[in-house]
Amino acid sequence: MRIWRFCYLLLIFLCKVAIAETVFNLYTTSNYIADDTIKRFESRCNCKLFLNYFSDPQEMAAKLAAGASGYDVIIGTGYALEDINSMNKLAKLDLTKVHNLDNIESKFMHQSFDPANSFSIPYAYTPVFLAYNKTVLDKLGIIPDSWAVIFDEKYLKRLQGKVTVFDSQRNVFAAALLYLGKDPNSVSKEDLLEARKLIERASRYWARYDSTTYYRALLNGEIWVAMSYSNDLYNTLADAKKTKLPYQLAGMLQKEGNMVELDNLVITKNSQIKDIDYLFIDTVLEPQSAIALNNETGSSVPNKLALKEISPEIVNTSWIYPGVNNKIYGFTAYPPKVRIMANEVWTELKMECHY
Amino acid sequence: MAQANNAGKEKWVLSLPPVIYLIGLFLIPTVLMVFIAFREPGDYGGVAPLITHNNGSSSLNLTLDGFRYAFSSSFIWKLFLRSMFFSILTTLCCLLIGYPLALLIAKSAKKYRDLLLLLVIIPFWSNFLIRVYAWMILLGPNSAISNVVNSIRHLLGLEPLDLLFSSAAVVICLVYINLPFMILPLYANLEKHDYALIEASRDLGAGKARSFWQVTVPLSMPGILAGCGLVFIPCIGMFVIPELVGNNCSMMIGNLIKQQFLQTMNWPLGSVTSIVMTLLVLSISLFVGFLASHSGGLKYARK
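Residue numbers (our numbering), protein chains in the order written: chain A, 1 to 355; chain B, 356 to 658.
A portion of the hints provided could be inaccurate.
Said to hold, decoys possible - Derived EDC-like pairs (lysine to aspartate or glutamate); straight-line CA-CA distance at most 20 Å:
#1 Lys613(B) to Asp145(A)
#2 Lys433(B) to Glu59(A)
#3 Lys613(B) to Glu194(A)
#4 Lys157(A) to Glu546(B)
#5 Lys433(B) to Glu344(A)
#6 Lys433(B) to Glu348(A)
#7 Lys337(A) to Glu546(B)
#8 Lys462(B) to Glu514(B)
#9 Lys613(B) to Asp152(A)
#10 Lys189(A) to Asp517(B)
#11 Lys63(A) to Glu554(B)
#12 Lys613(B) to Glu344(A)
#13 Lys337(A) to Glu514(B)
#14 Lys613(B) to Asp56(A)
#15 Lys433(B) to Asp152(A)
#16 Lys327(A) to Asp145(A)
#17 Lys244(A) to Glu256(A)
#18 Lys547(B) to Glu200(A)
#19 Lys157(A) to Asp398(B)
Bear in mind the hints are in silico, worked out from the structure with no lab data behind them.
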């Protein structure tokens, strides 16, 4: 009998937990919010924050397109969010409810994919540039100040099998188009085919398409040049300091220009807890959240109050916070037909095998 | 008469759960897949509406584009051939490693058998991804295995080799993951062999090797075929392992299918590729089944 009573009590307890706890689902890439921020938010909303991860913005968009639901707030790249918005899956924002909106630097508001900020609010950004093994490249006499290093055979012959680029159609094509002197968001078929030819020739020398493990390969010396996000390199440099490597790693922006992936906060249309969603947005827009994000993950934050508190060493690193002299570009979404075409080309490129 | 009817009903009731399972989880998804293959890709994943209304006239959106693209582009066939090659190689390696091991377990003293079998099963206790990640460490550039291989290559005057992110790494992991599926059916078969038959063949003058090849191997044919099927079929659709430890030159057909659904949002092309793969696997299974039913050993084993 005792066991039955125990089961009964357990059942009541579980029911209570299930009823009392409001759950807030955040969908984002890994390592993209500071632990302190989560704790502060949870104590304010009296709810539990669940982190759900995706590795590629297109994967996230594909999942939502296929009907995935249950997320309240998503943090993702602009062009992917534009796609999701076109699928009518995002809530229209009431900006009067976002009290900390003024903390955001104005140049990051009103992006081309959402001019009125009707569904998205800037959260953080990461430039895409070349990270490299400085010791090895100095010896080879190569300075990766141009995308030519990963596209021109002159350099690639000396870097055979030591280069990785992202497993992302948008980023690789943007780099190729920048190198060719074209608009990185070009949707013209000729431009894309020209970029494809360039990538096809260069990819014989690349080790692989990699946007998730390249920094480890950079750290252990397997890779010398890698297309990189600023936050990944920031963390890798911190690891490198701890492990006392026999070589030095570094990063550099390219003179042809760099893409900056601006990640935004959006609220999904079918979220049932909109008040909590706005509370979350307000919490992460506070300067202390932005400072923690910057210091813990190396992501660049568009928060003007936070910037004053972040160490000048970080703010003056151009691959984390590009200066006025650096050419930077944001992504705009492809029209559906172009995307299908570009993806077909990308699939063929990726499955191409040269040896 | 009434009794026979009852027996019929009982049969139906008993077979209902598996039938529902097969209809719900195999038949319906397959029919859906075939249907999607003929549709046009939607703007944001999924498929375009079946019927579009345009100025009063409505048109049906069915297309053979997916099939046309799949059959005209050579890279898809390269992927198929590579997947076949990897799967056959993996199956052979599993057989070569698994057969002696299964024989050893089956022939060992009864008290050790359970323990040995347990050792084969233990890797199943940890997640398959973790085991692949373990191989990533084992094959990494600074690992002992890499050092040994590369120092041997150095002695022979060859360039150092990256073990990780190569086709070799893919096959190694495929063999490692699939080995238990080869060993278990083989063991189940070998364990039941009547030792008297081996003794009889020895009495008739056959040597050890001859009685192995002419008695044990033919008798174990059902086990070999079951094991090969269990290894080959999951292998050909694998996408996780090439993604984790492979490079561009070791992508398999599963990677293409996964990419069509999860990244490029072209469901029709993904469905076409899946259908072609299903048909391929089916025809191979039928062919092997045909061979098996015409091989003498299997007939004998059935008796």
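Hint check results:
As the CA atoms of Lys613(B) and Asp145(A) are separated by approximately 36 Å, the hinted pair breaks the 20 Å bound. Between Lys433(B) and Glu59(A), the direct Cα distance comes to roughly 25 Å. Violation of the 20 Å bound is thereby established for this hinted pair. Taken as a hint, the Lys613(B) and Glu194(A) pair is broken in the structure, with Cα atoms around 27 Å apart against an allowance of 20 Å. Pair hint Lys157(A) plus Glu546(B) does not hold up; C-alpha atoms about 58 Å apart against a cutoff of 20 Å.
A threshold of 20 Å between alpha carbons decides the hint, and for Lys433(B) with Glu344(A) the separation of about 16 Å falls inside it, so the pair holds. Between the alpha carbons of Lys433(B) and Glu348(A) the distance comes to roughly 11 Å, so the proposed pair stays at or under 20 Å and holds. Taking the CA atoms of Lys337(A) and Glu546(B), the gap is about 60 Å. The hint is violated against a cut of 20 Å. With a CA separation close to 44 Å, the supplied pair Lys462(B) and Glu514(B) exceeds the 20 Å bound.
Between Lys613(B) and Asp152(A) the alpha-carbon distance is near 32 Å, which puts this suggested pair outside the 20 Å criterion. For the proposed pair Lys189(A) and Asp517(B), the alpha carbon gap of about 37 Å is over 20 Å, so the pair is violated. A threshold of 20 Å between alpha carbons decides the hint, and for Lys63(A) with Glu554(B) the separation of about 62 Å lies outside it, so the pair is violated. For a cut-off of 20 Å, the pair hint linking Lys613(B) to Glu344(A) stands: about 14 Å separates their Cα positions.
Simply put, Lys337(A) and Glu514(B) have alpha-carbon atoms about 46 Å apart, too far for the 20 Å limit, and the pair is violated. With a CA separation close to 14 Å, the supplied pair Lys613(B) and Asp56(A) stays within the 20 Å bound. Proposed proximity of Lys433(B) and Asp152(A) is contradicted: the alpha carbons are some 28 Å apart, above 20 Å. At most 20 Å may separate the alpha-carbon atoms for a hinted pair to count; Lys327(A) and Asp145(A) meet this at roughly 13 Å.
Distance restraint check for Lys244(A) and Glu256(A): the Cα-Cα separation of roughly 33 Å exceeds the 20 Å cut-off, and the hinted pair is therefore not satisfied. Note on Lys547(B) and Glu200(A): the hinted pairing is violated, with a Cα-Cα distance of about 56 Å set against a maximum of 20 Å. Restraint check for Lys157(A) and Asp398(B): the C-alpha separation of about 40 Å exceeds 20 Å, so the hint is violated.
Figure legend: structure checked against the earlier numbered hints; hints not met, in rising order: 1, 2, 3, 4, 7, 8, 9, 10, 11, 13, 15, 17, 18 and 19.
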